[in-house]
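Chain W is fixed; fit chain Y onto it per the hints.
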Amino acid sequence: MDDEDAYCAKFKLTCEQREAVRQRNVLAMIAAGGNVYYLAKLAGIFGLNVQDLGAQQTGKSVAEFKQMMLDQAKGI
Amino acid sequence: MAKVIGGVFTSHVPAIGGAIAKGLQDDPYWKPFFDGLKPVHEWLKHNKPDYVVTFSNDHGLNFFLDKMPTFAFGAAAQYDNADEGWGLPIFNSVPGSPDFSWHIINTLVEEEFDIVTCQEMLIDHALSIPLELSWPDLKSYDFKLVPLGINTVQHPLPSPKRALALGRAVHKAIQSWDADAKVLIFGTGGLSHQLDGERAGFMNPDYDKFCLDNLPSNPDALTQHSALDIVELSGSQGIEILNWIAARGAMGDPVKEASRSYHIPISNTAAATVLMTTEHALAPA
Chain W
0 MDDEDAYCAK FKLTCEQREA VRQRNVLAMI AAGGNVYYLA KLAGIFGLNV QDLGAQQTGK
60 SVAEFKQMML DQAKGI
Chain Y
0 MAKVIGGVFT SHVPAIGGAI AKGLQDDPYW KPFFDGLKPV HEWLKHNKPD YVVTFSNDHG
60 LNFFLDKMPT FAFGAAAQYD NADEGWGLPI FNSVPGSPDF SWHIINTLVE EEFDIVTCQE
120 MLIDHALSIP LELSWPDLKS YDFKLVPLGI NTVQHPLPSP KRALALGRAV HKAIQSWDAD
180 AKVLIFGTGG LSHQLDGERA GFMNPDYDKF CLDNLPSNPD ALTQHSALDI VELSGSQGIE
240 ILNWIAARGA MGDPVKEASR SYHIPISNTA AATVLMTTEH ALAPA
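As given, the protein sequences belong to chains W and Y, one line each in that order. According to numbering that gives the first Met the number 0, the first sequence is numbered sequentially starting from 0. According to numbering that gives the first Met the number 0, the second sequence is numbered sequentially starting from 0.
Bear in mind the hints are in silico, worked out from the structure with no lab data behind them. One or more hints might be untrue.
Listed next, the in silico PhoX-like pairs over lysine-lysine satisfying Cα-Cα at most 25 Å (straight line) [unchecked claim]:
1) K66/Y / K65/W
2) K255/Y / K2/Y
3) K171/Y / K181/Y
4) K73/W / K181/Y
5) K11/W / K66/Y
6) K21/Y / K65/W
7) K208/Y / K65/W
8) K73/W / K30/Y
9) K66/Y / K2/Y
10) K44/Y / K138/Y
11) K40/W / K65/W
If you want the ones that stay clear, here's a sample from chain Y, every Cβ over 10 Å from chain W, calculated [claimed, not checked]:
12) I19
13) D25
14) N61
15) F63
16) F112
17) Y140
18) K160
19) D177
20) A178
21) K181
22) D195
23) D252
24) S266
Where a beta carbon is used, it is the ideal one built from N, C-alpha and C, also for glycine.
Chain W with its partners taken away, still in its complex shape (with noise of 0.2 Å):
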């Protein structure tokens, strides 16, 4: 991780897919070809859980993101 540009040349991404890590932007990932499976593991890269990823994914804060999941146990 120290050199990421040199990281993601050596696994040939594209433009479109260098540019979607640059920004660490997680639907842009998956636009260009990206699965959540393994983008996932950016909790162990960038430190980011499934609660950041699915907060940024529906423009939501990770509180808003929590709390919609919280929901979603009412009448069960």
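What follows is chain Y alone, placed relative to chain W:
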């Protein structure tokens, strides 16, 4: 003839591994989920399997997107975990049984399931977490593992109907294994959840209830939906129910539900633990 004694079905959210590592089982967030394992622990005190046959999906530890088998069957003498990038400790290794694996593989191919065979296979959190949840105090496992991986990760995915048929073929193979052995089935993953896209955070308690209500007595009901229907109903990762459907098929019939727990949310997931038992279980659950 080997006999299936029961089936353990549980979610495999990576964060559960973090909670185990940190000893958070009684933390208010985690307790409702971990309490669902207590009936499993009690039952396992009386029912010690010789073999554990598992159905789960790999998350990139064995198979990357460049090579993705629909059904991959382990035939190794030992299965090790390795760093998956979550920051979790490495889980215990589990001994395998090449003889039993090859017996099932040969039966499946005779039954026209053209599976991938893996004489080396790593096991990831989708197996290690359910094993740790079921036997939290064991430092080494005294059963032999027979793991089957199902692609629930990269489309196209197998149909629920095909997953159930595969499980039933595994059951046939277990029944024809000439050994006085007890077999426990595991199905892992789910239930409803979606990690990706604008619908991230989606869960569906109604569909999950439909699955939990029907899986023991009428698993064919779950095959009325296609894999893509289930993605719509249960979320893009809720399709991990394919592992449960195949595992249920491997149990044979009849089975009874011995315990059920369902809790929202664990991480981004509707988490569940179910124990089903057969007539060959040694003690009442």
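Hints versus structure:
Proximity of K66/Y to K65/W is assessed by CA-CA distance (about 35 Å); at most 25 Å being required, the pair is judged violated. Among the hinted pairs, K255/Y with K2/Y is consistent with the structure: their alpha-carbon atoms are about 16 Å apart, no more than 25 Å. For the proposed pair K171/Y and K181/Y, the alpha carbon gap of about 14 Å is at most 25 Å, so the pair holds. At roughly 40 Å between alpha-carbon atoms, K73/W and K181/Y are farther apart than 25 Å, so this suggested pair is violated.
Restraint check for K11/W and K66/Y: satisfied, since their Cα atoms lie roughly 18 Å apart, inside the 25 Å limit. Proposed proximity of K21/Y and K65/W is supported: the alpha carbons are some 21 Å apart, at most 25 Å. Restraint check: the Cα-Cα separation between K208/Y and K65/W comes to about 22 Å, which is no more than 25 Å; the hinted pair holds. Taken as a hint, the K73/W and K30/Y pair is honoured in the structure, with Cα atoms around 18 Å apart against an allowance of 25 Å.
About 34 Å separates the Cα atoms of K66/Y and K2/Y, which puts this hinted pair outside 25 Å; it is violated. For the hint linking K44/Y to K138/Y, the alpha-carbon distance of about 16 Å falls within 25 Å, and the restraint holds. Between K40/W and K65/W, the direct Cα distance comes to roughly 19 Å. Compliance with the 25 Å bound is thereby established for this hinted pair. With a least beta-carbon separation of about 16 Å from chain W, I19/Y lies farther than 10 Å from that chain, consistent with its non-interface assignment.
Against the 10 Å criterion, D25/Y stays outside the reach of chain W, whose nearest CB is about 20 Å from its own CB. Listed as a non-interface residue, N61/Y keeps its Cβ farther than 10 Å from every Cβ of chain W; the least gap is roughly 13 Å. F63/Y, annotated as away from the interface, has a beta carbon of chain W within 10 Å; the closest lies near 8 Å. Against the 10 Å criterion, F112/Y stays outside the reach of chain W, whose nearest CB is about 24 Å from its own CB.
For Y140/Y, the non-interface assignment is confirmed: its Cβ lies about 26 Å from the closest Cβ of chain W, beyond the 10 Å cut-off. A cut-off of 10 Å between C-beta atoms confirms that K160/Y is not in contact with chain W; the least separation is 23 Å. With a cut of 10 Å on Cβ distances, D177/Y stays outside the contact zone with chain W, its closest approach being about 39 Å. No beta-carbon of chain W comes within 10 Å of the beta-carbon of A178/Y; the shortest separation is about 36 Å.
Consistency note on K181/Y: stated as away from chain W, and its beta-carbon is indeed over 10 Å from all of that chain's, at 33 Å minimum. With a minimum CB-CB distance of about 4 Å to chain W, D195/Y fails to clear the 10 Å threshold, and the non-interface call is violated. For D252/Y, the non-interface assignment is confirmed: its Cβ lies about 29 Å from the closest Cβ of chain W, beyond the 10 Å cut-off. The Cβ of S266/Y sits about 6 Å from the closest Cβ of chain W, inside the 10 Å cut-off, so the non-interface label is violated.
Violation of the numbered hints given earlier is confined to hints 1, 4, 9, 15, 22, 24; the remaining hints are satisfied by the structure.
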